[in-house]
Amino acid sequence: MSLLSLISPRNLRLALLSLGALVFLAPYIWMLSTAAKSREEIFSSSLSLWPHHWALWENLGKAFSRVPMLQLLFNGVFVCALIFFVQVVIAIPCAYAMAKLKFRAAQTMMTLVMLGLLVPIHATALPIYVALNKTGMLNSYFALSAPFFISVFGIFLFLQFFRAMPDDLISAARLDGMSEAAIVSRVIVPNAWPAVTAFAIFSVVAHWNDLFWPLIVVTSTERATPPLGLLFFRAAEAGDDYGALMAATLVVTLPLVAAFLAAQRRFIEGITLTGLKG
Amino acid sequence: MSAFSLKNISKSYGPSRILDDITIEAGEGEFIALVGPSGCGKSTLLRIAAGLDHGDDGSVSMGGRDITAEHPADRNVAMVFQSYALYPHLTAAQNIAVPLTMRNLSALERMPFVGRLIPGRAERQVAIRQQVATTAASLRIDHLLDRKPGHMSGGQRQRVALARALVRQPGVFLMDEPLSNLDANLRVHTRAEIVELHRRAGVPTLYVTHDQAEALSMADRVAVMMGGKLLQIDEPSRIYDDPRHIEVAQFIGSPRINVLDAVTSENGAVVLGGNVLVEGVAGPVGTPVQIAIRPERIKLRPAGGGGIPAIVSRLEFLGSEVIVFTRIDGSDGSFTMKAAPQDVAHVAAGMPVTLEVDPGACLVFGKDGLRVPLRTPIKQMAHV
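Chains A and B, in that order, are what the protein sequence lines are. Heads up: the first sequence begins at 1 in full-length UniProt numbering, then just goes up one per residue. Heads up: the second sequence begins at 1 in full-length UniProt numbering, then just goes up one per residue.
Chain B with its partners taken away, still in its complex shape:
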């Protein structure tokens, strides 16, 4: 039994199908990142999980209980929004206390003046205040509790929003791009912190992001969505090394994976610049395929050696590594690769070089975008 699951969720607005039969099951304490380009439906899926939106089809369940028809307030889900969505007129402490006040105090007890007369209210309020203080301390925002959101920085607001989500001990955490409004430095730092908070809370988490690096670095499993479809859900390393779909391969990884259109020849081989890149592609001779190779799986060698002859068109220095852009001789294809700065110290734009592709680095995709299995085990790249 999964702790939180979305089963066969579909949704259409008019003729456009924005979610197509999506199933995601999160285990106890699992962190799942939903990643995809904007407009792929990942935020809508999250809103359906929260109960703020409803799918045309499918069900949502938490701890085995079907909550598809439940009101968001009854689901005990906590959500962190991209805009933080803090109440501007309340202080940080009051903001964090809202979910508890709404849950632990009755409507009469929440009323001004009248509420004070109800027995037991004072004790409950003290308890709420203590919970707020504990949560604030764990996020190191104790000093901000008396401030209003207008007088806080983006990072501070983000922490208050996290505290408001944490304080209620929810059944599931939903995060909608919580880091995209922070500056780059703070973002990397907060990533680690969210993972740590999640580990301590042990609550299943759905985390929506458009940043593939964020998804890969934080999640136990990554779900890649495109155009309303769930293309693959897998551990980060499998998503990166073993993508099931060309679009997954292209979306994940920076710089982008190299993709070449090719046609198979004898033996299901794909030949480029006189080199066999891969062999044993299923299907008859002449099958059109797409070959994808990660930039770090291509090595730069001096011109004239055995490999694919190419010309360097541009270099991008990034400090710890250099991105080299090359044009393949006698073809309109191009390859991007990553290299260590000392290895390309002598390389300049316009220089002829030879490219060597790591054995087994080629991922083959069919015309429908799906991975094509290889019949034969991968061999050393051979020069023919």
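Next comes chain A alone, as it looks inside the complex:
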């Protein structure tokens, strides 16, 4: 087989994609490599991907002992779960009303949702911070999650999904004797799982990885989320111990990577469902 026969459009595409994947994966791979290296090796002049001495367990030990890693992980899980739960409880009835009920303010609400999509958290961060400070609620789970309770993105996503649900189904539910609340809980929610899953992905990924907001409202390690914990670690404890820092990063990123690997198909379905990429 000659070398020329390998150059088919398909192979070219694959090569290009692999190259792209490598570029995106490189920092993560380097992180894994550093997490397994000893301190001396990290600062040696030679660059190697594969560590000479395995120091992974030692680094992980340092990561767990120098910062309350379990506390950080728990904070992350709790805040993400709280945010996601309240977002869904608010967004689903709201989106249902906008998609399927006829009322005069529907158009105005739609405009407000679109406007809401345009305003980033950074624009409203300062007033919200001031309010939380005045009420003495900084350094709390509430401060970490409350600004995200109403997700216009969630409303928008559910709205698109509910619009595609047949009107006949809702008419049938009304004739069967359901109130609007019963329609939402008994007909809409059980059939909205694909949309809920898709939204869960966006919401959990965004808030697990968020550093901006926790940095503003949290100053104690007790309430720190994982990314903020990493920052504290770097600033206070580790200094130049990059091996331990990378090991901590590995622990923090692992839940999302594991979730992705376990539910890869759902992730991709969810993203194609919303028509959003990247």
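Simulated from the structure, these hints should not be mistaken for lab results. Among these hints, one or two may not hold up.
Said to hold, decoys possible - Label-pair ranges, simulated between beta-carbon atoms:
1) B:ARG129 / A:SER179: 15 to 25 Å
2) A:ALA106 / B:GLU296: 45 to 55 Å
3) B:GLY150 / A:ALA262: 20 to 30 Å
4) A:THR108 / B:GLY14: 13 to 23 Å
5) A:SER65 / B:LYS148: 47 to 57 Å
6) A:LEU22 / B:LYS148: 36 to 46 Å
Cβ coordinates follow ideal geometry from the N, Cα and C atoms, glycine included.
Assemble chain B onto chain A, guided by the hints.
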């Protein structure tokens, strides 16, 4: 007193009037078919009857009780939708049970876990389960009860939807084109079944369809709607033989009724190809009219006899009958007729023939589309 009635219902969306003063009264156990082309307002009328939509004017009443302002859930109406509208996440049994669960159990009893603690709930649930089983058996869907709608064929879903409507013993049945998503064979079969179910339940039924054959074959009375107006409501045979409006005549019957523009002459006669088709049309000489003749009321005769000379343009073989399309000599009019295959075995396209119209077959309509009464009794068609 009628069992279910819609009185003077009107509705407009902006400037367009989609329902114009419609009154339909259904007697106890009566089956009324609402038929008309798409967009004639028949589905909207049905939604108003169900309470899913509201008219600008008019009233809805059931068994003498005015229910115009009542919520759909309180009306005890059952509706079968074209799309079946089964709950995709529930099994057939659960789907059928929903109307009963919502009616017979309180909100607290319907709650998971908590509901179990309420006394009397278990007995009521057993009763519901029994009713579901009985209804399912009557529709022969017992074997489907554990399946979800996604794992059923269209016909099976349709039956589950019927069962869900039947199980609650409603005050009125509303059906919105329940057969139009089935294939042709199953449709004819299910027609008979729905009529049978209706007869057994004895509940007044409003049945919306765009298929005139369905309406004629199933209903006690047929209501023909066009452009938001109720043109005629009558027994199927009267709708077919004695239409009040040209549009009713044209909509009902297949192949379509033959319609010719004509002008009256002496004596209110309409003459075509030297033949008097009809006499005694009211109005002065020269009144423009439309003549309508059913295809099966025209006979094909060999050329040269007394009748209307025409040329065969096309034949359509349908098995038990043949549709013959002809062009009338010396006119741009055309006639369609139905004939038995053995009678037209020798006929081919391009052949000259003579057409004979049955006496009394001509329906005369004025320019406004309404039937024009005849002054004189119908006579044998005469050659002049």
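Each hint tested on the structure:
1. In this structure, ARG129 (chain B) and SER179 (chain A) meet the distance hint of 15 to 25 Å, their C-beta atoms being roughly 24 Å apart.
2. At roughly 54 Å, the beta carbons of ALA106 (chain A) and GLU296 (chain B) sit within the given window of 45 to 55 Å.
3. At roughly 25 Å, the beta-carbon separation of GLY150 (chain B) and ALA262 (chain A) lies within the given 20 to 30 Å, and the hint holds.
4. For the hinted restraint 13 to 23 Å between THR108 (chain A) and GLY14 (chain B), the CB-CB distance of approximately 20 Å keeps it satisfied.
5. Our hint of 47 to 57 Å for SER65 (chain A) and LYS148 (chain B) holds, since their Cβ atoms are close to 52 Å apart.
6. A hinted range of 36 to 46 Å holds for the C-beta pair LEU22 (chain A) and LYS148 (chain B), which are about 45 Å apart.
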